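Q: Letter by letter, the chains look like this.
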Amino acid sequence: MYSEKVMEHFTNPRNVGEIYDADGVGTEGNPVCGDIMKLWIKVEDDRVVDARFKTFGCGAAIATSSMITELVIGKTIDEALAISNRTVAEALDGLPPLKMHCSNLAASALRRAIEDYLQKQEGTETENDNNG
Amino acid sequence: MYSEKVMEHFTNPRNVGEIYDADGVGTEGNPVCGDIMKLWIKVEDDRVVDARFKTFGCGAAIATSSMITELVIGKTIDEALAISNRTVAEALDGLPPLKMHCSNLAASALRRAIEDYLQKQEGTETENDNNG
Amino acid sequence: MEKQIYLDHASTTPMRPEVLDAMLPFMKEQYGNPSGVYKLARKARAAVDESRDQVAEILGAESREIIFTAGGSEADNLAVKGAAFANKRRGNHIIVSAIEHPAVLDTAKQLENYGFSVTYLPVNDSGLVSLDALAKAITSKTILVSIMHANNEIGTIQPIGEIGILLREKSIPFHTDAVQTVGHIPVNVDELGVDLLSLSAHKFYGPRGVGALYVRRGTRIEPLINGGGQERQRRAGTENVAGIVGLAAALRMSVEEMDSTSKRLLLLRERLIDGIMQSIPNVRLNGHRTHRLPENVNLCFEFIEGESLLLNLDMQGVAASSGSACTSGSLEPSHVLLALGLPHEIAHGSLRLTLGKGTTQEDVDKTIEVLPGIVHRLRQMSPLYDEKAVSPIGQ
Amino acid sequence: MEKQIYLDHASTTPMRPEVLDAMLPFMKEQYGNPSGVYKLARKARAAVDESRDQVAEILGAESREIIFTAGGSEADNLAVKGAAFANKRRGNHIIVSAIEHPAVLDTAKQLENYGFSVTYLPVNDSGLVSLDALAKAITSKTILVSIMHANNEIGTIQPIGEIGILLREKSIPFHTDAVQTVGHIPVNVDELGVDLLSLSAHKFYGPRGVGALYVRRGTRIEPLINGGGQERQRRAGTENVAGIVGLAAALRMSVEEMDSTSKRLLLLRERLIDGIMQSIPNVRLNGHRTHRLPENVNLCFEFIEGESLLLNLDMQGVAASSGSACTSGSLEPSHVLLALGLPHEIAHGSLRLTLGKGTTQEDVDKTIEVLPGIVHRLRQMSPLYDEKAVSPIGQ
Ligand SMILES: Cc1ncc(COP(=O)(O)O)c(C=O)c1O
Ligand SMILES: Cc1ncc(COP(=O)(O)O)c(C=O)c1O
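Chains as they are written, first to last, in numbering that gives the first Met the number 0: chain A, 0 to 131; chain B, 0 to 131; chain C, 0 to 394; chain D, 0 to 394.
Only chain A is shown next, with the shape it has when bound in the complex:
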């Protein structure tokens, strides 16, 4: 049912873990629906230099998490914001219809992490003394 790419990412997920001094963190999903993804990003000069995730979820959830970290590392914030659930699914050579929502999950978690970063940025810029 899963593509080889999905299975490969599921078997060897990239960038598992946390970033303790992350610049942004995003969480998506909830235990009730069976998928939770948490994504940390490190940003330097408006560019995502590192990304890590932890995911509770099915094979597709883990693979999309892994894939999105790969996709985002090296991208500018604007480029990162352009990563849609479709981008993730396509990068994995597709997902079974029932599992499409998992790619949505990953894209949302990334967006939240970026929003978190941008909010913190604003804080830093305007107040300049917050925990940046």
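Hints are computed from structural coordinates only; laboratory data are not their basis. Being a predicted model, the structure only gives us computed values, none of them experimental. Positions of the beta carbon are idealized from the N, C-alpha and C atoms, including for glycine. Don't take each hint at face value.
Beta-carbon label-pair distances, calculated as ranges [stated by the list, open to error]:
#1 160/D <-> 31/A: 57 to 65 Å
#2 32/B <-> 113/D: 37 to 45 Å
#3 29/A <-> 62/C: 47 to 55 Å
#4 83/B <-> 256/C: 50 to 58 Å
#5 73/B <-> 280/C: 35 to 43 Å
#6 232/D <-> 31/B: 16 to 24 Å
Rough simulated footprint, nothing fancy, chain C against chain D, three-plus residues with beta-carbon under 8 Å [to be verified]:
#7 37–50
#8 85–96
#9 201–208
#10 240–246
#11 300–314
#12 374–384
Please build the complex by placing chains B, C and D with the ligands on the supplied structure of chain A, with the hints as guidance.
A: Structure of chains B, C and D with the ligands alone, referenced to chain A:
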């Protein structure tokens, strides 16, 4: 579905044909229901000395016809009247449930042939000049 | 023992050895349940998907439009009950032909108990429904028409394509029972213009107990068997993988050989009909002379009854049937023959000989050879024959 | 490639080679349709009759009380819809347990659309229904109770015999889905006191796509599949003779070996449960500790999700399932685990390991060996684990 006895009588039916100078004739069934039996008997000294049949019908109808002629030959009229559909079915080692009505048919045809004989007898006895 | 001559292919066909070969892996080491997530399951899933694709392609359908069932009867019930219940709000009127297989006819009768009203469309003396009569029967409440592609007893092929055009115009869901035609004559769901189409594997040299229903995308049906999510929620039950693979393999092979087989059988059919009608008087051919399945011969022998004919034929090594196999245990004469207008006593004397890919010219000639003696013997025994001994030779 | 360890027997079982041998003649030369009147047909008919006698005898039933179907789902649908519609005049209330297989549960839901009212009986935290609750749920309009013999996910065995006594007193038709128990533990229709009982051949090393429904004499049901007169007018369709013969052969063999197999599997089950629970923290055993199928293990691993567990197990050569096979493609956690009162995130982390007659101690030990690493790895990846890293060892 049929017993060996039924198949044997069906394959080699006894007493097929007509008796042109019969003492009694009985017909039972009709073309609509798919079974018609006609039975001729010859009676001497209150005893059935010959019986013949013609039957349009299924395997069971032909076998019961054959069997009843065998059963009746040699019997007195009273004994012959005692032949029931059960007698015929048992003599054939049973019939499939759906086909039980065929043994009924044979027993009724015999009864009608005997009634025909008795009626003619009455005629002969009382009027003594009929076509006896 | 005599060589057996099997002339009851419309009832069931022997499975092709190649079909069995295709099935065996799924009855042995490939036992995975397609719903699982492990390797063994994925292989089973792939086999089912591939089979579905093949069946769909042959019928000119999309894969998602094929629902596998446990046979033709289930497919018919799913189509008729499923469409009736799914469209109940739109209306409650159903039209079926009077000569449908019991799987449609009795289902329609059962629906009458559930508040549906059914029109049983008559047929003419060769078994064809009339388009005019159909058009007149349609009301604003008609939610389903079910007319079989070819009849299982008399082999008459209906003008399904023309009916399809009529019904498409009126947007009325149209089901055809193609159990006797799929694998035998060309069947394409778009050419026929049907929304629902039933088929059964054992009628085309496939396994018993597996069939399919084609459901045109957008056609609503309620499931007959609720439960697990198999067949896109439209038919629950662990998939009969071996059966499904067997169905697809059998269909593929039948379609490949269809042209040559049907040409050959057509010739044999004509030889059989002619041979019998020339040597036996008072015989009628039932069904249409040309709009007829290439393998079907159905005859009435006046003055004699069908079952005794069959038993005698069996003793001579010829396996045949009278009326439809499912009802030959009953006392009623065939509803199909009665619908053609035959009187009861004639309808009781019917014989169906259905040829198959294994049928040879010798089989046909042997049948032509043994029949006259049997018929003669039974007629000699028949009280009806006496009376009409002088009737003219059967037409 | 790794040796495959198959621990998904509750989903489907590999067919016994002896069963295939018993079926093969009917997929080859014995292709007669049992409805025919010729020799070939009579042999098929005899094989079906004999199979029916054997199944009936094993269940403590009469032959005429057995209806062959195309599987467990069809049998369940036939029982529930059939009894509901046949008793509609007496009332419209149905009781089913909340943990029924979807073949019963979804059927009950569908009946709600047709004017029936359904009570879904809750279960306690080990999956047992309460007799008191059942007694209270009964109304004067109750026309059917359906409670499964053993649950397919958690293996809990219900007190069917006691329920049967209660319902017999009140003359309410009682159906049990015995798909998971027939061939595994003793099943006798009189001891259970049931009027309707479903079984499916592929759950006891028989063929896919064939099952049976026991219908106590006098219990009224309407057919699900109308048509030909097969199965005493209660289930139309050309008989799947090979399948029926295979079902009977598989049942006979399973019953013969039942004692020794279930004893052996019980020991392996305990070894598996203990082995896992001793080496992995935060694991719960679902279902009843003792009123449990000898082959069933169902566990929840906190902080991780079932499917990723299954995929990892598959990569290590272990085939297992999470929840019921039919629904594991869905996103919903098991309705059975939720009915036990488990929170969603725990219910999502379930693993069902079901042993079979081919399961060895090595298989069990290998599973015990590979699981801790997989669970550890997935927990390391889980955002839920972080937060609760200090939870106590699972009970
Ligand atoms: C308890 C139970 N009932 C019914 C079924 C359905 O049986 P089948 O797959 O043969 O339709 C199953 C298995 O799938 C089951 O475990
Ligand atoms: C026209 C037609 N429809 C339906 C059926 C039923 O198919 P099955 O026996 O596979 O249920 C048959 C054959 O029995 C048939 O000939």
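Q: Could you run down the list of hints and mark each one as holding or not?
A: Evaluation of the provided hints:
At roughly 38 Å, the beta-carbon separation of residue 160/D and residue 31/A lies outside the given 57 to 65 Å, and the hint is violated. Hint check: residue 32/B to residue 113/D, Cβ distance near 39 Å, so the stated range 37 to 45 Å holds. About 35 Å separates the C-beta atoms of residue 29/A and residue 62/C, a value inconsistent with the hinted range of 47 to 55 Å. Checked against the hint of 50 to 58 Å, the pair residue 83/B and residue 256/C passes, with Cβ atoms roughly 57 Å apart.
Distance hint check: the CB atoms of residue 73/B and residue 280/C are about 39 Å apart, consistent with the given range 35 to 43 Å. Hint check: residue 232/D to residue 31/B, Cβ distance near 23 Å, so the stated range 16 to 24 Å holds. Given as covered by chain C, the segment 37–50 of chain D passes the check, having 4 residues with a CB less than 8 Å from a CB of that chain where 3 are the minimum. For the segment 85–96 of chain D, the stated coverage by chain C is violated: 0 residues have a C-beta nearer than 8 Å to a C-beta of that chain, whereas at least 3 were required.
With 4 residues having a beta carbon nearer than 8 Å to a beta carbon of chain C, the segment 201–208 of chain D meets the requirement of three or more and the stated coverage holds. Given as covered by chain C, the segment 240–246 of chain D passes the check, having 3 residues with a CB less than 8 Å from a CB of that chain where 3 are the minimum. Closer than 8 Å: that is the beta-carbon criterion, and the segment 300–314 of chain D has 5 residues meeting it against chain C, so the requirement of 3 holds. For the segment 374–384 of chain D, the stated coverage by chain C is not satisfied: 0 residues place a CB nearer than 8 Å to a CB of that chain, which falls below the threshold of 3.
Violated hints for the displayed structure, listed by number in ascending order: 1, 3, 8 and 12.
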